[in-house]
Amino acid sequence: MFNARPNRDQYFLNVATVVSTRATCDRANIGAVLVQDNYIISTGYNGAPHGLPHCDEAGHLMENGHCVRTTHAEQNAIIQAAVHGTSTAGATLYTTHSPCKICAKIILNAHIKKVVAKNFYRDDTVLEMFKQANVEFVIIDNKP
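Letter 61 of the sequence shown, counting from 1, is numbered 144 in the numbering used here, and no numbers are missing.
Simulated from the structure, these hints should not be mistaken for laboratory data. What you are looking at is a predicted structure, and each value in this text was computed from that prediction instead of being measured. Every residue, glycine too, gets a C-beta built ideally from N, C-alpha and C. Be a bit skeptical, because a hint or two may be false.
[Unchecked claim] Taking lysine to any residue pairs in the SDA-like style, the calculated list, with each CA pair at most 25 Å apart, reads:
no.	residue 1	residue 2
1	Lys184	Asp92
2	Lys184	Asn97
3	Lys188	Thr107
4	Lys188	Gly168
5	Lys196	Asp92
6	Lys196	Pro89
7	Lys188	Leu144
8	Lys184	His133
9	Lys188	Glu140
10	Lys214	Asn202
11	Lys196	Glu219
12	Lys197	Thr208
13	Lys188	Ala141
14	Lys188	Phe203
15	Lys184	Thr104
16	Lys184	Met145
17	Lys184	Pro89
[What the hints assert, rightly or not] Computed spacing ranges between beta-carbons, pair by pair:
no.	residue 1	residue 2	range
18	Asn86	His143	34 to 40 Å
19	His167	Ala87	32 to 38 Å
20	Asp206	Asn97	36 to 42 Å
21	Glu219	Asn147	26 to 32 Å
22	Asn97	Pro136	26 to 32 Å
23	Tyr122	Gly148	36 to 42 Å
24	Pro132	Glu211	28 to 34 Å
25	Asn192	Val221	18 to 24 Å
26	Asp139	Asn217	36 to 42 Å
27	Ala141	Asn121	36 to 42 Å
28	Val221	Asp120	16 to 22 Å
29	Asn202	Ile123	16 to 22 Å
Make the full structure from the sequences, and use the hints.
Laid out in C-alpha cells, this is it:
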C-alpha cells in the first residue's frame with residue numbers, strides 16, 4: 084500500500100530523527116538538520132567535541148542534572164555548516180527536540196529564520212526569545 088508523501092516539515096523531521104541515531108550521549112538522542120532553499124546544508128547530533136571521548140566511551144559528565152560532555156545537535160549542525168563554509172542566514176533548523184536557551188542564542192546569532200521541532204523539551208523561555216527575534220518556531224507533536 085502506498086503511504087502518503089510527507090510534507091517538507093515532516094520529511095526533514097524524519098531526516099533529523101535518523102540523524103539522532105548517531106548520538107553518543109544516551110541521555111537524549113537528538114538530531115538536527117539545517118535546510119536552505121529546501122536542500123539539506125548540514126546535520127548534527129549530540130556528542131562530544133571533536134577528538135574527545137564520547138559518553139558511550141567515558142560516561143557522562145554531569146553538572147546541575149545535565150551532561151556537559153556533549154555538544155548539542157543544533158550546535159553541531161551550525162558548526163558543520165561553518166566548517167564547510169556554508170551560510171546559515173535565512174535557513175530553517177529541523178530538530179527532534181526544541182532547543183535549550185544556549186542553542187536558541189546560537190540559532191539567533193546564526194541568523195536562522197525558522198525552527199521546527201518534533202517535540203517540546205524542557206524550556207519554554209525559548210518561545211519568547213524566538214518571538215522577540217522574529218524567528219518562526221513550530222512544534223509538531225507536543226506543545227508546552
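Outcome of the hint check:
With a C-alpha separation of about 23 Å, the suggested pairing of Lys184 with Asp92 holds against the 25 Å cut-off. Straight-line distance between C-alpha atoms of Lys184 and Asn97 comes to about 24 Å, which keeps the hinted pair within the 25 Å bound. Between the alpha carbons of Lys188 and Thr107 the distance comes to roughly 24 Å, so the proposed pair stays at or under 25 Å and holds. Pair hint Lys188 plus Gly168 holds up; C-alpha atoms about 21 Å apart against a cutoff of 25 Å.
Straight-line distance between C-alpha atoms of Lys196 and Asp92 comes to about 14 Å, which keeps the hinted pair within the 25 Å bound. Taken as a hint, the Lys196 and Pro89 pair is honoured in the structure, with Cα atoms around 22 Å apart against an allowance of 25 Å. Only pairs whose Cα atoms come within 25 Å are accepted, and Lys188 paired with Leu144 is accepted, the gap being roughly 23 Å. Note on Lys184 and His133: the hinted pairing holds, with a Cα-Cα distance of about 23 Å set against a maximum of 25 Å.
For the proposed pair Lys188 and Glu140, the alpha carbon gap of about 29 Å is over 25 Å, so the pair is violated. Note on Lys214 and Asn202: the hinted pairing holds, with a Cα-Cα distance of about 18 Å set against a maximum of 25 Å. For the hint linking Lys196 to Glu219, the alpha-carbon distance of about 6 Å falls within 25 Å, and the restraint holds. Between Lys197 and Thr208, the direct Cα distance comes to roughly 16 Å. Compliance with the 25 Å bound is thereby established for this hinted pair.
Restraint check for Lys188 and Ala141: not satisfied, since their Cα atoms lie roughly 29 Å apart, outside the 25 Å limit. Between Lys188 and Phe203 the alpha-carbon distance is near 17 Å, which keeps this suggested pair within the 25 Å criterion. In summary, the hint linking Lys184 to Thr104 is supported, as the alpha carbons are separated by about 23 Å, within the 25 Å threshold. For the suggested pair Lys184 and Met145, the alpha carbons sit about 18 Å apart, so the restraint of at most 25 Å is met.
Annotation: proposed proximity of Lys184 to Pro89 is violated, straight-line Cα distance about 30 Å (limit 25 Å). The hinted window of 34 to 40 Å between Asn86 and His143 holds, with their beta carbons roughly 38 Å apart. Between His167 and Ala87 the Cβ separation comes to about 34 Å, which falls inside the hinted range of 32 to 38 Å. The supplied range of 36 to 42 Å is broken by Asp206 and Asn97, whose beta-carbon atoms lie about 24 Å from each other.
The hinted window of 26 to 32 Å between Glu219 and Asn147 holds, with their beta carbons roughly 30 Å apart. Restraint check, Asn97 to Pro136: a C-beta distance of roughly 30 Å satisfies the suggested window 26 to 32 Å. Look at Tyr122 against Gly148: about 37 Å separates their beta carbons, and that is inside 36 to 42 Å. Take Pro132 and Glu211: their Cβ atoms lie about 30 Å apart, and the range 28 to 34 Å holds.
Asn192 and Val221 have their C-beta atoms about 20 Å apart, which keeps the hinted 18 to 24 Å range intact. The hinted range of 36 to 42 Å is satisfied by Asp139 and Asn217, whose Cβ atoms lie roughly 39 Å apart. A C-beta distance of roughly 39 Å is found between Ala141 and Asn121, which places it inside the suggested range of 36 to 42 Å. In this structure, Val221 and Asp120 meet the distance hint of 16 to 22 Å, their C-beta atoms being roughly 18 Å apart.
Between Asn202 and Ile123 the C-beta distance comes to about 20 Å, which sits within the given range of 16 to 22 Å.
Of the numbered hints stated above, those contradicted by the structure are hints 9, 13, 17, 20, listed in ascending order.
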